[in-house]
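The sequence shown begins at 350 in this note's numbering and counts up one residue at a time.
Straight line, CA to CA, 25 Å or less: simulated SDA-like cross-link-like pairs of lysine to any residue:
1) K581 <-> V401
2) K555 <-> L503
3) K405 <-> Y586
4) K554 <-> Y508
5) K554 <-> I501
6) K581 <-> G490
7) K405 <-> S359
8) K405 <-> V417
9) K555 <-> F512
10) K449 <-> I429
11) K555 <-> E505
12) K581 <-> L593
13) K554 <-> L503
14) K581 <-> R493
15) K581 <-> P407
16) K449 <-> A436
17) K405 <-> V471
18) K405 <-> R360
19) K405 <-> R354
20) K405 <-> F584
21) K449 <-> L424
22) K449 <-> P439
23) K581 <-> L494
24) K554 <-> T569
25) K581 <-> Q489
26) K405 <-> A590
27) K554 <-> G567
Pair ranges (Cβ atoms, derived):
28) P497 <-> R360: 26 to 36 Å
29) G542 <-> G498: 35 to 45 Å
30) G425 <-> L598: 26 to 36 Å
31) V446 <-> R493: 54 to 64 Å
32) S492 <-> V446: 49 to 59 Å
33) Q455 <-> K555: 52 to 62 Å
34) L433 <-> E580: 50 to 60 Å
35) P497 <-> K555: 24 to 34 Å
36) Y560 <-> Q455: 55 to 65 Å
37) G447 <-> I496: 51 to 61 Å
38) R493 <-> L433: 47 to 57 Å
39) F534 <-> G578: 49 to 59 Å
40) L424 <-> F534: 16 to 26 Å
Source of the hints: derived by calculation from the structure; they are not laboratory data.
Glycine is no exception: its CB is placed at the ideal position from the N, C-alpha and C atoms.
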Amino acid sequence: MGTDRYAYSSRLRRMNPAAKAFLSLLALTLCLIFGGIAPGVFTLLFMGFLTVFWGKIPFRVFFRFLLVPLTFLLLGCLTIGVGLHPADTPVVAAIPVGGKLLGFTQGSILQMLSICSKSMGVMAAVYFLTLTTPMTDLTQGLSRLHIPGLLIELMELIYRFIFVLWETAGQIRTAQESRLGYRGFARSLRSLGMLASMVFLRAWKKADRVYCALESRGYTGTLKTLPEGYEKGTFCYFWAALILSGQVLCYLWEAGIL
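Could you put together the complete structure from these sequences and hints?
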């Protein structure tokens, strides 16, 4: 379900989730603090290396997950990079519009690259944790930090039913496509409206069946799970020291100090 199917097959599945969370949060925090292009690219490559080669997550899976935020990020960065400038402004690429220039300056391009690299570095750090740690391990770790049980259970249920909605919508769309429900604009709109109305109805019924199943097994308001034994995450702290050193060096190099 979601990222869990990859997390359960990861080589880091049995490693202490607290150590993996520490490594991921350290990389994420440093990437946000240092900013810049070099620290962001370093974080992206380093965390991608750990996810693919250490965690044994297929590269195509990691790359496909990165494409999701990258699409929105590129659209957002274009709105930042493109600006209307006076005619005498030095630009990299622009078109004349009403006596002014609409396009990119060197500063706007550097700003775009900085935002993109920092954002993708942060996402790589997040994906390292989510692709190597199942949701149940994360919630157990949160419970050890004394996070309120209600919040943890809401997280579990929301996570579960996001993919219930996704699966239900996929099944309905497949059935509609098999009946040529998306041939023509008008028919596509009608099929899309039917999909939107049916998906929540079916998901609601499925949620009700899940709740009935929980009650039949003695559900009293809390989801009880047995704590698991984990391997020590010693190597996570070693990698954390490396990424700290690498981030500092990249920052100093980009600042011209080295």
